[in-house]
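Novice: Please model the complete structure; the sequences and the hints are all you need to start from.
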Amino acid sequence: MKILITGGGTAGHVNPAISIANEFKRRNKKNIIKYVGLKKGIECEIAKKEGYEFLGIEASGIQSRKIISLIKTIFKVLLGIVQSFIIVIKEKPDIVIGTGGYVSFPLVYIAQLLGTRTYVHEQNAFPGRTNLKLFVKVNKFFVSHKDTKKIDLSLEKVVYSGNPIKKEFTTMDREKSRKKLECKDEVLNVISLGGSGGARKVNDLMLEIIKSFSGNENVRITHITGRSYYERFKKIMLSENLKFEKNIEILPYTYELPYYFNAYDLVISRAGAGAISELEACGIPAIIIPSPNVKDNHQEFNANSLKEKGSAIVILEKDMVYVNIINMIKNFSIDRTSINKYKSAKIEDVNAAKVIVDTILNDR
23 MKILITGGGT AGHVNPAISI ANEFKRRNKK NIIKYVGLKK GIECEIAKKE
73 GYEFLGIEAS GIQSRKIISL IKTIFKVLLG IVQSFIIVIK EKPDIVIGTG
123 GYVSFPLVYI AQLLGTRTYV HEQNAFPGRT NLKLFVKVNK FFVSHKDTKK
173 IDLSLEKVVY SGNPIKKEFT TMDREKSRKK LECKDEVLNV ISLGGSGGAR
223 KVNDLMLEII KSFSGNENVR ITHITGRSYY ERFKKIMLSE NLKFEKNIEI
273 LPYTYELPYY FNAYDLVISR AGAGAISELE ACGIPAIIIP SPNVKDNHQE
323 FNANSLKEKG SAIVILEKDM VYVNIINMIK NFSIDRTSIN KYKSAKIEDV
373 NAAKVIVDTI LNDR
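Add 22 to the 1-based position in the sequence shown for our numbering, that's all there is to it.
Rather than coming from a laboratory, the hints here were simulated on the basis of the structure.
Each statement offered as a hint is correct.
The calculated lysine-lysine pairs, modelled on DSS-like cross-linking and capped at a C-alpha distance of 25 Å, are:
id, residue 1, residue 2
1, LYS352, LYS201
2, LYS331, LYS168
3, LYS56, LYS112
4, LYS155, LYS61
5, LYS201, LYS189
6, LYS223, LYS340
7, LYS317, LYS155
8, LYS71, LYS47
9, LYS376, LYS24
10, LYS51, LYS112
11, LYS201, LYS188
12, LYS256, LYS268
Specialist: Following this line, the structure appears as structure tokens:
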């Protein structure tokens with residue numbers, strides 16, 4: 023079977039696509055799978071790292087209402103549609119799969135026009151514009167939430183699958199992960215995520231946290247800034263004479279998040295659908311700060327799903343007080359039993375990719 027898969031812009035769109043691709047590959051090594059996306063997007067790097075051939079196209083979302091910006095956007099969209107047409111004609115895929123982000127629209131749209139079977143996966147409870155546009159003609163529409171909004175869930179083509187994540191999140195052993203990352207039992211290990219692109223408010227918070235705990239032998243912090251914020255973050259640290267102490271680790275991005283989530287004691291994160299699914303799978307306590315800058319405020323909705331299970335503290339950005347969060351971490355480091363109440367059991371049977379692949383293979 024020849025499969026084209028697309029999705030990008032953030033790791034939250036890319037990682038589910040990779041999980042689906044890996045499941046197809048696991049079923050049959052003869053399956054030919056190619057990834058389509060932006061050459062400069064995070065999807066290019068991740069897909070190539072996972073061993074998939076990458077086909078680059080142009081695409082753009084609406085960045086500004088100014089005339090020049092709109093003209094550039096229209097040009098990129100049209101160019102992406104032409105490039106996608108050429109790719110579908112040349113590759114002759116049996117199926118095309120999209121996982122969201124504006125880059126997925128041209129390929130799935132053209133595949134639909136040419137009569138190729140198409141499948142879309144939606145990570146959020148409130149579907150994005152791209153996936154909603156593709157919904158009408160898609161063969162199957164996979165959702166991560168049983169209460170997904172804006173679509174008719176009673177339709178036969180709507181399938182609840184959950185959100186595909188790397189299998190390592192559920193299969194890795196905690197003790198082996200802690201040994202690999204050299205975690206000490208007497209140290210509170212904290213990992214913070216600025217998002218694959220880099221969230222300014224989270225990064226600002228982490229600067230204050232690093233100031234408070236730099237050199238503290240009882241707290242270890244690994245901060246993932248996001249690629250676009252990494253250099254700026256380092257410059258700010260240097261300008262404020264913050265030393266890179268042994269207990270502080272700053273990274274732009276990591277492919278070893280399953281190790282960190284299985285080994286560490288606390289996560290500080292936004293509430294993207296991917297992060298929430300990974301946190302649920304690992305059962306690690308979390309401080310969640312939903313982004314208010316998203317359509318339909320879906321991150322707050324995502325965050326509350328963890329809060330209701332008792333495995334997360336949710337702090338709205340408008341209510342965020344640095345010193346309060348710093349004090350939480352101090353208390354957790356002093357009284358480890360206080361953080362244990364936020365732990366939840368690891369979910370052993372998380373296999374959304376299997377549900378998706380089974381459904382597609384039976385949909386002929």
